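J.: Knowing the structure of chain W, use the given hints to seat chain B on it.
In the order they appear, the protein sequences are chains W and B.
Read in order, the letters of the first sequence are residues 0 to 268 in numbering that gives the first Met the number 0.
Read in order, the letters of the second sequence are residues 0 to 268 in numbering that gives the first Met the number 0.
It is possible that some hints are incorrect.
Given that identical chains are not distinguished, each listed pair holds provided it fits within a single copy or across any two copies.
Claimed, not checked - No farther apart than 25 Å at their CA atoms in a straight line, the calculated lysine to aspartate or glutamate pairs in the DMTMM-like style are these:
id, residue 1, residue 2
1, Lys233, Asp184
2, Lys16, Asp48
3, Lys233, Asp196
4, Lys160, Asp217
5, Lys92, Glu103
6, Lys233, Asp48
7, Lys16, Glu118
8, Lys16, Asp81
9, Lys222, Glu244
10, Lys92, Glu109
11, Lys16, Glu55
12, Lys233, Asp81
13, Lys96, Glu109
14, Lys16, Glu254
I should point out that these hints are in silico values taken from the structure, not numbers from a laboratory.
Quick caveat: nothing in here was measured; it's all calculated off a predicted structure.
Number of protein chains: 2
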Amino acid sequence: MPLTLTSLGCASALPTKENYFTAHVLNIRGRFFLLDCGEGTQLRLRQLDISLGSIEHVFITHLHGDHIYGLPGLISSMHLLDRTAPLYLYAPKGLEKMLSFYSEFSGRQELSFPVIYREITGAGLIQILEGETARVYAFPLNHSIPTSGFLFREKSVRKSKPRSVAYCTDTAPSPEITEWIGGVDLLFHEATFLEQDVRSAAQYLHSTARQAAQIALDAGAGKLLLGHFSSRYKETSAFLAEAREIFPNTELSTEGRTFSVPRRFISAT
Amino acid sequence: MPLTLTSLGCASALPTKENYFTAHVLNIRGRFFLLDCGEGTQLRLRQLDISLGSIEHVFITHLHGDHIYGLPGLISSMHLLDRTAPLYLYAPKGLEKMLSFYSEFSGRQELSFPVIYREITGAGLIQILEGETARVYAFPLNHSIPTSGFLFREKSVRKSKPRSVAYCTDTAPSPEITEWIGGVDLLFHEATFLEQDVRSAAQYLHSTARQAAQIALDAGAGKLLLGHFSSRYKETSAFLAEAREIFPNTELSTEGRTFSVPRRFISAT
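Chain W on its own, in the form it takes in the complex (with noise of 0.2 Å):
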């Protein structure tokens, strides 16, 4: 009964020699969720052995190319592959458009499977999905363009707790999550920026570690990863303890760590 996020990249519009974009997997007892697709996703995937055929659903925070460049070359490989089942996809307003493009571009007639849009609108937290091991919800962020974060909550299992998993970036320190977002087991959150350039991620609207760390305290998170680091920076070490002061319990998301989300059972007192 395994739930883990397994991180493809932590970089942000800018890769490094190291870095790929940010992008995520989460599996959720066996069904996968692809978080985010910027360019090499596909590549990614390959290389930690994750069939691009597990992928159901693909959830997009917002259209700004290192999230979504990866989407032409993904679709073309599954249908190459001769993929039947739909791939659902959930992104702000938008991305058919760009998809319908490549499609026409491509003189593609048509696609071995089926895609099936789903349009994030509306403020608030809303239910978005009700899949087999999970309910997903999207709610607001607080970026350029607009964005949407992700939460996963699994659905009940005899004897223990339902666990979960929530997904913020690109964004400035947006507060009013940490209601929607309260208690979740696993938190990614964006740190593009250090607290020392606070002003550029404001100007941004992004976040620096140690506001990021804040958010996971507010909420109430059980675990705080960090990802969507700026390429001005040499290493990524200075974001682990600059968040670590506010919020001990955080990691790093760097490519291919995954985190996994233990089953707590409950206790029959």
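T.: Just chain B now, kept in the frame of chain W:
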């Protein structure tokens, strides 16, 4: 006075765990030419320590996704790096439309540098660039959509023989090119299939390793590099064996390998 060709990948339409999409960087005496730009090209360039800023000219053989899906991200990264030098793009008709769509879709007002398109049209061998260190020629290949091969001829250097490199992908074996690239020092030629699948090669207008070797032999090439391998083959050593039966000086252009064309001095007889 180096002349080198570096492989960024050797996969065809579907990447594998080891292999990126086929793309190469040609360095002619310090001037850098990018040949094709599939998804992940900018990631591979960084991994190989090739500065994005060094790329002046990009040559696109044809508009199939595995040769162009890396362009939007490459251009976006160049912009974020505050590039000012023009970027020259040589491609069959249609590329500008794709990049214009992206530019509009991204909401970006203007790039930090000019992109200059050179549309490749016409039959036979056509000079498309008179560069500082080389002249570049395009010629038609035989594929399912308009596709160009490229020939790079080094400009004369005192006391040494000008060197040349040809780049031919994707294409069915096309005997007429042997005249245009006659005597080329280094020939990259696609070998999507092995001879055992020659019917698939014919169906999809690709070449086998054996056919590529025959082209190299007929053209009097110095060395043959093979790439663009179909993901159906678990390993690529069979391509080498098959080609070497016809053309012994063959190598596999797998990711990260760099091939030098040494200077040959003109004897003062």
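J.: Now, for every hint given, state plainly whether the structure supports it.
T.: Now for the hints, and whether the structure bears them out:
1. For the identical chains of this complex, Lys233 and Asp184 are neighbours neither inside a copy (30 Å) nor across copies (41 Å), given an alpha-carbon limit of 25 Å.
2. Taking the shortest Cα distances, Lys16 and Asp48 sit within 25 Å of each other both inside one copy (21 Å) and across copies (8 Å).
3. Proximity of Lys233 and Asp196 under a CA criterion of 25 Å is satisfied intra-copy only: 14 Å inside one chain copy versus 48 Å between copies.
4. In this homomeric assembly, Lys160 and Asp217 come within 25 Å of each other (Cα to Cα) only inside a single copy, at 21 Å, whereas the closest approach across copies is 71 Å.
5. Taking identical chains as interchangeable, the C-alpha atoms of Lys92 and Glu103 lie at most 25 Å apart whether they share a chain (19 Å) or sit on different chains (15 Å).
6. Taking the closest pair of Cα atoms, Lys233 and Asp48 come within 25 Å of each other only across two copies (15 Å); inside a single copy the shortest separation is 29 Å, beyond that limit.
7. Proximity of Lys16 and Glu118 under a CA criterion of 25 Å is satisfied in neither setting, with 34 Å inside one chain copy and 32 Å between copies.
8. In the homo-oligomer, the alpha carbons of Lys16 and Asp81 lie at most 25 Å apart only across protomers (19 Å), although the nearest pairing inside one protomer, at 33 Å, exceeds that limit.
9. Taking identical chains as interchangeable, the C-alpha atoms of Lys222 and Glu244 lie at most 25 Å apart only when both belong to the same chain, with a minimum of 14 Å there against 59 Å between chains.
10. For the identical chains of this complex, Lys92 and Glu109 are neighbours both inside a copy (22 Å) and across copies (23 Å), given an alpha-carbon limit of 25 Å.
11. In the homo-oligomer, the alpha carbons of Lys16 and Glu55 lie at most 25 Å apart only across protomers (21 Å), although the nearest pairing inside one protomer, at 30 Å, exceeds that limit.
12. With identical chains, the CA atoms of Lys233 and Asp81 are at most 25 Å apart between copies only, with a shortest distance of 19 Å across copies and 42 Å within one.
13. Taking the shortest Cα distances, Lys96 and Glu109 sit within 25 Å of each other both inside one copy (16 Å) and across copies (21 Å).
14. Taking the closest pair of Cα atoms, Lys16 and Glu254 come within 25 Å of each other both inside a single copy (12 Å) and across two copies (15 Å).
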